[in-house]
Structure formats: structure tokens, C-alpha cells
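There are 2 protein chains.
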Amino acid sequence: MTERTLLSSFPSYDKLATLAQSAHTPSLKQLFAEDADRAERFRLAAAGLELDYSKQLITQESLAGLLALATEADIAGEIDDLFAGKHINNTEDRPALHMLLRATSSTSSERLKEVESSRALMQTWSQQLRSGAWLGFSDTPITDVVNIGIGGSDLGPRLVTEALQPYQSDVNCHYVANVDPADLQSALLDLNPESTLFIICSKSFRTEETLTNGLAARQWLVNAGASDDDVAKHFVAVTSNIEAAQDFGIKERHCLPMWDWVGGRYSVWSAIGLSCAISIGWDHFAQFLAGAEAMDQHVKSTPLAENMPVLCSLLEVWNCHFLGAGNHVVLPYDNGLRQLPAYLQQLTMESNGKRVNANGALLPYNTGPVLWGSAGTMGQHSFHQLLHQGTLLCPADFVLPLNTHTGMDAQHRRLIANCIAQSRTLMIGRSVDEAEAALLDRGLSVAEAARLAPHLSMPGNRPSNTITMRSLTPATLGALLALYEHRTFCTARLWGINPFDQWGVELGKEIGVQVLEKLENAKAVSSMDASTEKLIDRWRSAQP
Amino acid sequence: MTERTLLSSFPSYDKLATLAQSAHTPSLKQLFAEDADRAERFRLAAAGLELDYSKQLITQESLAGLLALATEADIAGEIDDLFAGKHINNTEDRPALHMLLRATSSTSSERLKEVESSRALMQTWSQQLRSGAWLGFSDTPITDVVNIGIGGSDLGPRLVTEALQPYQSDVNCHYVANVDPADLQSALLDLNPESTLFIICSKSFRTEETLTNGLAARQWLVNAGASDDDVAKHFVAVTSNIEAAQDFGIKERHCLPMWDWVGGRYSVWSAIGLSCAISIGWDHFAQFLAGAEAMDQHVKSTPLAENMPVLCSLLEVWNCHFLGAGNHVVLPYDNGLRQLPAYLQQLTMESNGKRVNANGALLPYNTGPVLWGSAGTMGQHSFHQLLHQGTLLCPADFVLPLNTHTGMDAQHRRLIANCIAQSRTLMIGRSVDEAEAALLDRGLSVAEAARLAPHLSMPGNRPSNTITMRSLTPATLGALLALYEHRTFCTARLWGINPFDQWGVELGKEIGVQVLEKLENAKAVSSMDASTEKLIDRWRSAQP
Numbered sequence: 367m368t369e370r371t372l373l374s375s376f377p378s379y380d381k382l383a384t385l386a387q388s389a390h391t392p393s394l395k396q397l398f399a400e401d402a403d404r405a406e407r408f409r410l411a412a413a414g415l416e417l418d419y420s421k422q423l424i425t426q427e428s429l430a431g432l433l434a435l436a437t438e439a440d441i442a443g444e445i446d447d448l449f450a451g452k453h454i455n456n457t458e459d460r461p462a463l464h465m466l467l468r469a470t471s472s473t474s475s476e477r478l479k480e481v482e483s484s485r486a487l488m489q490t491w492s493q494q495l496r497s498g499a500w501l502g503f504s505d506t507p508i509t510d511v512v513n514i515g516i517g518g519s520d521l522g523p524r525l526v527t528e529a530l531q532p533y534q535s536d537v538n539c540h541y542v543a544n545v546d547p548a549d550l551q552s553a554l555l556d557l558n559p560e561s562t563l564f565i566i567c568s569k570s571f572r573t574e575e576t577l578t579n580g581l582a583a584r585q586w587l588v589n590a591g592a593s594d595d596d597v598a599k600h601f602v603a604v605t606s607n608i609e610a611a612q613d614f615g616i617k618e619r620h621c622l623p624m625w626d627w628v629g630g631r632y633s634v635w636s637a638i639g640l641s642c643a644i645s646i647g648w649d650h651f652a653q654f655l656a657g658a659e660a661m662d663q664h665v666k667s668t669p670l671a672e673n674m675p676v677l678c679s680l681l682e683v684w685n686c687h688f689l690g691a692g693n694h695v696v697l698p699y700d701n702g703l704r705q706l707p708a709y710l711q712q713l714t715m716e717s718n719g720k721r722v723n724a725n726g727a728l729l730p731y732n733t734g735p736v737l738w739g740s741a742g743t744m745g746q747h748s749f750h751q752l753l754h755q756g757t758l759l760c761p762a763d764f765v766l767p768l769n770t771h772t773g774m775d776a777q778h779r780r781l782i783a784n785c786i787a788q789s790r791t792l793m794i795g796r797s798v799d800e801a802e803a804a805l806l807d808r809g810l811s812v813a814e815a816a817r818l819a820p821h822l823s824m825p826g827n828r829p830s831n832t833i834t835m836r837s838l839t840p841a842t843l844g845a846l847l848a849l850y851e852h853r854t855f856c857t858a859r860l861w862g863i864n865p866f867d868q869w870g871v872e873l874g875k876e877i878g879v880q881v882l883e884k885l886e887n888a889k890a891v892s893s894m895d896a897s898t899e900k901l902i903d904r905w906r907s908a909q910p
Numbered sequence: 367m368t369e370r371t372l373l374s375s376f377p378s379y380d381k382l383a384t385l386a387q388s389a390h391t392p393s394l395k396q397l398f399a400e401d402a403d404r405a406e407r408f409r410l411a412a413a414g415l416e417l418d419y420s421k422q423l424i425t426q427e428s429l430a431g432l433l434a435l436a437t438e439a440d441i442a443g444e445i446d447d448l449f450a451g452k453h454i455n456n457t458e459d460r461p462a463l464h465m466l467l468r469a470t471s472s473t474s475s476e477r478l479k480e481v482e483s484s485r486a487l488m489q490t491w492s493q494q495l496r497s498g499a500w501l502g503f504s505d506t507p508i509t510d511v512v513n514i515g516i517g518g519s520d521l522g523p524r525l526v527t528e529a530l531q532p533y534q535s536d537v538n539c540h541y542v543a544n545v546d547p548a549d550l551q552s553a554l555l556d557l558n559p560e561s562t563l564f565i566i567c568s569k570s571f572r573t574e575e576t577l578t579n580g581l582a583a584r585q586w587l588v589n590a591g592a593s594d595d596d597v598a599k600h601f602v603a604v605t606s607n608i609e610a611a612q613d614f615g616i617k618e619r620h621c622l623p624m625w626d627w628v629g630g631r632y633s634v635w636s637a638i639g640l641s642c643a644i645s646i647g648w649d650h651f652a653q654f655l656a657g658a659e660a661m662d663q664h665v666k667s668t669p670l671a672e673n674m675p676v677l678c679s680l681l682e683v684w685n686c687h688f689l690g691a692g693n694h695v696v697l698p699y700d701n702g703l704r705q706l707p708a709y710l711q712q713l714t715m716e717s718n719g720k721r722v723n724a725n726g727a728l729l730p731y732n733t734g735p736v737l738w739g740s741a742g743t744m745g746q747h748s749f750h751q752l753l754h755q756g757t758l759l760c761p762a763d764f765v766l767p768l769n770t771h772t773g774m775d776a777q778h779r780r781l782i783a784n785c786i787a788q789s790r791t792l793m794i795g796r797s798v799d800e801a802e803a804a805l806l807d808r809g810l811s812v813a814e815a816a817r818l819a820p821h822l823s824m825p826g827n828r829p830s831n832t833i834t835m836r837s838l839t840p841a842t843l844g845a846l847l848a849l850y851e852h853r854t855f856c857t858a859r860l861w862g863i864n865p866f867d868q869w870g871v872e873l874g875k876e877i878g879v880q881v882l883e884k885l886e887n888a889k890a891v892s893s894m895d896a897s898t899e900k901l902i903d904r905w906r907s908a909q910p
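If you read the sequences in order, they're chains A and B. Residue numbers for the first sequence follow the working numbering, beginning at 367 and rising by one. Residue numbers for the second sequence follow the working numbering, beginning at 367 and rising by one.
Careful: at least some of the hints might be erroneous.
Pairs involving identical chains hold if they fit within one copy or between any two copies, as the list cannot separate such chains.
[What the hints assert, rightly or not] In silico SDA-like links for lysine to any residue, alpha-carbon gap of 20 Å or less:
{"no.": "1", "residue 1": "Lys395", "residue 2": "Ser474"}
{"no.": "2", "residue 1": "Lys900", "residue 2": "Leu397"}
{"no.": "3", "residue 1": "Lys666", "residue 2": "Thr437"}
{"no.": "4", "residue 1": "Lys900", "residue 2": "Ala411"}
{"no.": "5", "residue 1": "Lys599", "residue 2": "Leu581"}
{"no.": "6", "residue 1": "Lys479", "residue 2": "Thr772"}
{"no.": "7", "residue 1": "Lys395", "residue 2": "Ser892"}
{"no.": "8", "residue 1": "Lys900", "residue 2": "Gly414"}
{"no.": "9", "residue 1": "Lys875", "residue 2": "Glu574"}
{"no.": "10", "residue 1": "Lys599", "residue 2": "Gly498"}
{"no.": "11", "residue 1": "Lys875", "residue 2": "Val891"}
{"no.": "12", "residue 1": "Lys875", "residue 2": "Asp807"}
{"no.": "13", "residue 1": "Lys395", "residue 2": "Ser893"}
{"no.": "14", "residue 1": "Lys900", "residue 2": "Ala399"}
{"no.": "15", "residue 1": "Lys875", "residue 2": "Ala803"}
Source of the hints: derived by calculation from the structure; they are not laboratory data. All values reported here derive from a predicted model rather than from experimental measurement.
The following block holds chain A by itself, in its conformation from the complex (with noise of 0.2 Å):
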């Protein structure tokens, strides 16, 4: 493992740091005035998505920068070693492949023929189903799916099979993630056991919610009358943990495989996505895995200053580390991609979200933001109005599918006027003078207009992307998630991180055992806080 280096210790840091000082001045607005060419400079075109970063609080010269210290961070050479299967997940000492479970070929020829292997059985599977050949217990078809995972077992499927809804077939898939029982409860209110097939992801086999999940499901089809025969017709495992699936009552030709070479966020191109496969059909998912790879070929392939995922981690580190935002906001203008944000949240806050560098020194600066967002139009109607009028640096992300598949071309118009609208809103924003005359020219006094003027006033200057596309559509949605993907990557290295572990989350899990042990066992010794303890007290005298 190479010595990381601190962001702060690039040549070109000191001249960002600068630079960022002026960022705000001249406005965009401004900018915008000077440069007839700012809009053509400062957009690229890549894998079938379209990204317009002139809304962005920079310059050449800030970007010139940018790009330098993406060069003496060797931004590139990190990419070679990421493709070349380089044990960059460090603290675990693996590779991170999940590119080549979208690849068609392969250097690591052994890997690329499991993966094939594995898409061979994907694409029989979800053709059993969607024809109706896959039969339960009571010898009626397949009709509903459930999915049984959480985190990156659950955020992807969901979120593909949500966007690409248009491309579905007549199998309905649903997925289940709480370990609220309610969540599982509601899913199973409509389906009927004799026609429902249970996919349980979960790479290790034991995960908590996932197992306690697929437990209660188990115990759905038996309550139905299944016996232990009947109910493995009802249950497919994706994992590497094929003793623990059969423990559970899996048949071993019932499972699809994972790798330790795939991050759970990093999985919804593997056999995680057979629910997402079983949805579209199997022709759909292979173009999904294509938009990805064409994707990947552009990240390797193309110099850092045309390179979008290169280009949108420089932005983040501009906004976040130079310019200071602790957030950044996602707005995709296509209700299907409603899950997005959530599905990001996990990419990059449990990528990003660390305090040391590789190396597991404290690091001296901010890391990942917090990541949120809604589908637009429905954001603005809530949380915009903190977007223009706040007072906190929100950049933001608009994703924009230029065609609908609904077939309502002229309301999906005022859907794409919303987008456009709202990213030239937060950049040009309104002066106190102008929304001064605005209220005249509606009528109001002078006194009047000049005492609500600054209530009406925005500062504008509010930064964002906006990243189009024909249409969304398998290969377009491959294509933007493996673009964030490589910027969380690229802004992982920029600030000396691995974001490929996840230690973060192994402490809560341990102390969930203790405390579950003390529900279970009102004597169970234990000694943790007083607010912890009483908490616990709460939960017991509240018990019927």
C-alpha cells in the first residue's frame, strides 16, 4: 500500500485554496455574461449521459487547477490500479472487481467465467419465470418475487426495478429490507404462498434483518400448508455462504453466487440484480450491465479533463472541501428514479463516510457529505425553498431523462421546464431591486413593495450539474450509476481514503447483541450507560 498523501499536500492546493476565496465572485450570472463559450466548455458527453457542469462556481483557471491536482494525485494511475485488480480495499486486502461483473472480457479470465457462469444462470432463471415454467408448491407459476435483503442487497434491485418499471414484465417483485416486522408483514398482505418466490441476498448469510426475514417468510409458507420440500421451491440464495443457505432449507442448486471482491453497494450487477433481471427480462439487464461497462471503458480510457467521473469528483471536492459544503443534494426529474438519493446515500456515505486514510491516519480535513435529495417535482414544493433562500451551500445534482415512456409528451414538457427552471433559478436568483420591482408591477405601495422586497430577494449563485439523457433506459441507468460509482472512487483518492470498507458499521452490531440479550433477559448482567439502561426499562414496563 502506497504512503497516501493529504489533499493539502498537492502542489496545486495552496492555489485552489486561493482560488476558492473568489469563488463566489463574479457571480455566475456574470460569468455567464463574459464567456459566450462557458456553456460549450464546460459540458461532456459520455456512455449516452450528457453533463452540464457550467453552473458550477468555477473558472478555467479553477478548473485548470483542479485538474492538476488530479494528475499530482495520479487520479489516473488510481484508476489503472482499480481495473487491474490491485488490492486497493487495503484494510481487507482485496481487490475491488465489481467492473467486471459488467465486463465482457477480462484479463482475470477465471473471475470473468464464474461471473459468466453466474449470468448464465440469471438469465435461465428469469426466463423460467417470466414464462411461467418455474412452478410452486401447489404446481401453480411464479407471479410474485420478493426480495429479501438490506443495504446494497436491497437499495439497487429496488431502485432498477422501480426505474426501469416500463420495461416490466408480468412478474411483480417486491422487496423487504426492515427488520420491522411490519415491513414483510405488508409486503405478503396481497401475495399468495402458492405463487411467491423468495430471494434472499446476503453475501455472508448473516445478516441479521435478512435471516430473521427469511425465518418469518419460511414460516409464511408453511403456515400455508408447504412442507420443507415444497417451501425449497420457494426460495433462491444469492451468496457465498452456500453451507449456511442450505442450513437454512436452500437447495445448493438454488443458489447464485458472490464474491469478496464485490462491496455490497458495489453488487446490483451481479446476482443481487435477479430480481431487477426477473422484472425487465434478461436482454434488459445485459444492456443495463453494457451502459455500466461502456461506462467503465470511458473512466479508463478517456484523459482526465474530458473524463465525467473524473471531472464530477473534482466538483465535489471543490464544492465540499474548497468551497466547504457539508451536503450534496440529488435531483433526479424521472419518478422512477425516486430511490436514487437513498441508493446514493449508501454508494457514497458508506464509501466515503471515514475519518482516517487508507494508511489509518486521522485526516485533518472534512471527508463525504451527506447526501440526500427527492424526485423533482416534488422537492420543490418542499426543501427548495431552503435551496434558494438558506443559508447553508447545498450543490446539487439534476438528472433529467429527456423523453418519457408514458406516452404524455406534453405533460412530461412541464416536467422537463421544471428541471431546466429550477437549475437557472438557483444560479441567477433575484436582487432586492428586482423582486422590489416585481412587487410594483404588481400592484403594491411603494412602501409596501420596499418592506417585503428582501423577503423576496435570492442570492442566487447556487451551483449544480445537470446530467441529461435521450431516455432513461437500461444502458442510460447502468451508465449513471456506474458514473457515481467512479466519482466516489475518484473523490475517495483525492482525499486518501479506502472506500471499499466499511468498519464503521461493526461496533452497533455487536452492542445490538448485548442489548438484545438484556429484551430477552431481564437479568442479564450487563453495565452499559444509565440512558441506555433506561431506555431498555422503558421498552420492558411498556410491554403488555
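With chain A fixed as given, assemble chain B onto it according to the hints.
For chain B alone, coordinates are given in the frame of chain A:
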């Protein structure tokens, strides 16, 4: 309108700013060790909720300072003014009287009479729908209700219906908000026009998204063979613009009222909640109102130090203003509350995402934080990594109903254990030495343990509230939402903000109209920035 004082001008401010510098030491762990009464001291009960705030970074001294600040800011007087119907929404010269919507008595007897008559209609209609007495155009009973609204006309009803699913009747309620036609289209996919009722919620009856979806819904009925008279049987409106509703084709006697003294984000208690009343039944909806009224009584009549919304607000100001947090994470450990963060985003960010105070003076400090979160345990497999090991201060609210409606108590205990364990883990953290010892216990070599320990160590000392309730009922849900309403109000007043306007969303609407004109007519004159023009071109050239 009294002149607003800056937070930083109150006498207690400087002392608090000094105390904030040492707020992280001694650690919470030490504070608990030194003070056996801490958990008991820092807790409160009100309206069926219990608040444990002992895991906040406060001492008796800082809490006393915060309470002094509340006294200096005359928060008690502000609350009195709110309830007295003073024109606290000064920019719109209106009172904010959403409490009246859940009141059983009031000095404003005229208004209460109107509210009571609206409640009576809600009761009648919800009973008619639930009993099958409300018939569609082919004399089929209504089985499905589609609420069409956005922002407050969507988020509140959606949350309440989902959260109180265990109380649900046979009528299914669906929610459509987004102007993206895919939202309505997927909601209608499995519905029968003959048995579907639409509720159009729009105070102004001019909301673009809502009217567009309303017209599309109307067309869906017409396509199914409904005449104009038929259509009228399938539409209800909640609006203060009855004329516009009638123009749309909704009968006057199918309109329920809204009032200018209710903001959208405070409107779930009004007829905007009709879909909830249909879903859970009138008696349960009345309990929901009563729960909120109990919190109103509490906030009105309780001294500051024991006043739950006031305390929560002071803690928000402590975390965001004095300790510098730019975000606030809300973690309901109840799957039914999964929309709570989205609901609270509107409530808090639309209310307090302002940069001027109520007098229009630019504020020299940060105001509303970014609110985000998800249902636990989902986030534990996603963004909790950043909560535990990231560099940002993310104050958390855990919301925990102590019993489940599912009957699956054993499984529910796991949910409880996880919630309690997370707040403890955030607080105690794990030192490098502790991490090293744990790794040696697992059999790692001395060198390996030393290398990995920094990655496993966690700083701890991360603040949280835990809000518990016996179970999630209509009454405790009402109390919970009212708690956040009053907390938002108190915080606004401490910062000097008017939380009841939302001028920041206006300009985007105007520009949206301009962009739509350009989309519809390539020759429309406009002089927008080059980025916006190029995005419009891109859309145009992507059209088939």
C-alpha cells in the same frame, strides 16, 4: 411586528458560545460516569411521548444557558402570540392557526365553527366511502381513493396513511404528486375507473402539478366512458378557491374548505387529511387530532424547562448554531414512519430555510439545517458508516414506538435492540486501544491489530435524542408531528425568522413558465443564459 433581535444579541449568547467550545469535553461517556442522575435529569414526558436527551452534548450549565436564552427571546410570549392568533406570519399579514384545526375549544369561535363544519363533512364522507355508500358512475361502490396534491397536500396525508396502516379499512388510498406523468400512470395501472375517487388538494386550485394530474385523471374517466355528470361523482376538492374547482367540473357540494391561515405544510389536520380519515376511519382521525391537541396544551402551559418542543428547539440551536452542525438526521425505527424524514424536510426546511429575519434583515448566521434520514434499520446498512466514522457532526433523532401492531413481538425486539444500540454506539465509540484489543481477541497478529485498529476505532460522543412512545397510534403520531411543528416554530423565533411564508419558491415557478413557453414554441423570444438555452436545445434535439 416587533423588531426581531439577533440570536447573537441576547445576553446569554456569549456565555453559550464559550461553553460550546468545550462541549465535546468531557465526553458524554465521562459525563454519564460522573453523574448517576444524568439519564433521569435529561428526560421529559408529554402527550404520550418520552424524550431522552441525555445523549446530547450538554451539561446542566449549558442547558441553563439555553433556557436563559429562551427566556430572553421570550419564547413563552412567542408561543402565546401564536396561539392568540397574532399576525405572526407578518410578510403575509396573517395568523398561523393550524392548532385550531385540532382544537376542541377556541376564543375564535367563528373560525372554530367553520372547522367543525368541515370536520362534520369529513366524518360523513369518510363513513360513506368506508361503508360502500358512495357510488361511482356505474353505481359501483368506491374501493380506491387517489389523493392528488403536492407538498403539504401530499406529504402529510401520505405519511399518516402509511404510518397508520394497521388501522386501515377496505378502501385503499393512493397518492399522486409528481407532474411526471409516470406517477399518475403507475398509480392508475391497477385501478378501475368505476370505483375510483379522486381528491384534488390545492389551496389555490392553481398548483401546476395538481391541476395537470387532475386533468389527466379526468381524461382517464372520460376514456372509460364517463360523461360529465359521471365524472362529477368521482371528484372531491379541498380548496379555498371553489370557483376554480367548479370550473374544473367539481360540484360545489363536493368541495371542502381550506383557509389562508393554514400553510400547506401545517395542513394535514384540515380537510387535506380527508384521505387519511377515509383510510383509518373518522374515530381514529379524531384521535390523531386529539394527540396533536394534547401537544398544543403541553407547549402552551408548560414552563420552558419542562417543555418538550422548546427543549428540542434549544437543542437544535445548540447543535446547529453553537456546535456548527449543518444537518439533522431523523431515524424512525418503525417501517410505517419511513416517510417521516420527507415530511419533516418540508416542515423544517420550508419554514426555516431563510436568510433574512422577519423584518427582512440579512442574518449573519446559518439558519435551517438539511434534514434527512430513513427508517431504521435500513440506514444501518447504508449511511450509518458516516454517522459513526465520518467527519461531520450529524445530530440524530431516534423515534421509537415500543410495541408493534404486527403481533410478531420476538422479531420486533430486534428492531428495538438495534435502535437502542445505535444511540449508545454513537455515544460511546471505540478507542484505538479498544479496537486493537478486540482485534487481538479475534486472533490477529500484533502487527495486523495495530495496523487495523485506527480503521475500527470510532470517536463516539455523537449526540442524539431518543423519542419513545408506547406504540404508534393515531394519538401518538399526532403528538409527534405537533412536537416537530412547535419545535420548528421556536427555532424560527430564536433565529428571528418568520417560519410561515415561503417566498423562495416563487421565482422558480415564473421561470418554469418561461422555459415551458420555449419548449412549446422554438421561436419564443427569450434571453436566458447559454446553459439554459443549450439544455432546451438538447431536449428539442432528443425529441423523436
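Here is what the structure says about each hint:
no.: 1; hint: Lys395 / Ser474; verdict: neither (50 Å within a copy, 49 Å between copies)
no.: 2; hint: Lys900 / Leu397; verdict: between (58 Å within a copy, 16 Å between copies)
no.: 3; hint: Lys666 / Thr437; verdict: within (15 Å within a copy, 61 Å between copies)
no.: 4; hint: Lys900 / Ala411; verdict: between (57 Å within a copy, 14 Å between copies)
no.: 5; hint: Lys599 / Leu581; verdict: within (15 Å within a copy, 46 Å between copies)
no.: 6; hint: Lys479 / Thr772; verdict: neither (39 Å within a copy, 45 Å between copies)
no.: 7; hint: Lys395 / Ser892; verdict: between (61 Å within a copy, 16 Å between copies)
no.: 8; hint: Lys900 / Gly414; verdict: between (55 Å within a copy, 17 Å between copies)
no.: 9; hint: Lys875 / Glu574; verdict: within (9 Å within a copy, 47 Å between copies)
no.: 10; hint: Lys599 / Gly498; verdict: within (14 Å within a copy, 40 Å between copies)
no.: 11; hint: Lys875 / Val891; verdict: within (18 Å within a copy, 61 Å between copies)
no.: 12; hint: Lys875 / Asp807; verdict: between (61 Å within a copy, 17 Å between copies)
no.: 13; hint: Lys395 / Ser893; verdict: between (60 Å within a copy, 12 Å between copies)
no.: 14; hint: Lys900 / Ala399; verdict: between (62 Å within a copy, 15 Å between copies)
no.: 15; hint: Lys875 / Ala803; verdict: between (59 Å within a copy, 18 Å between copies)
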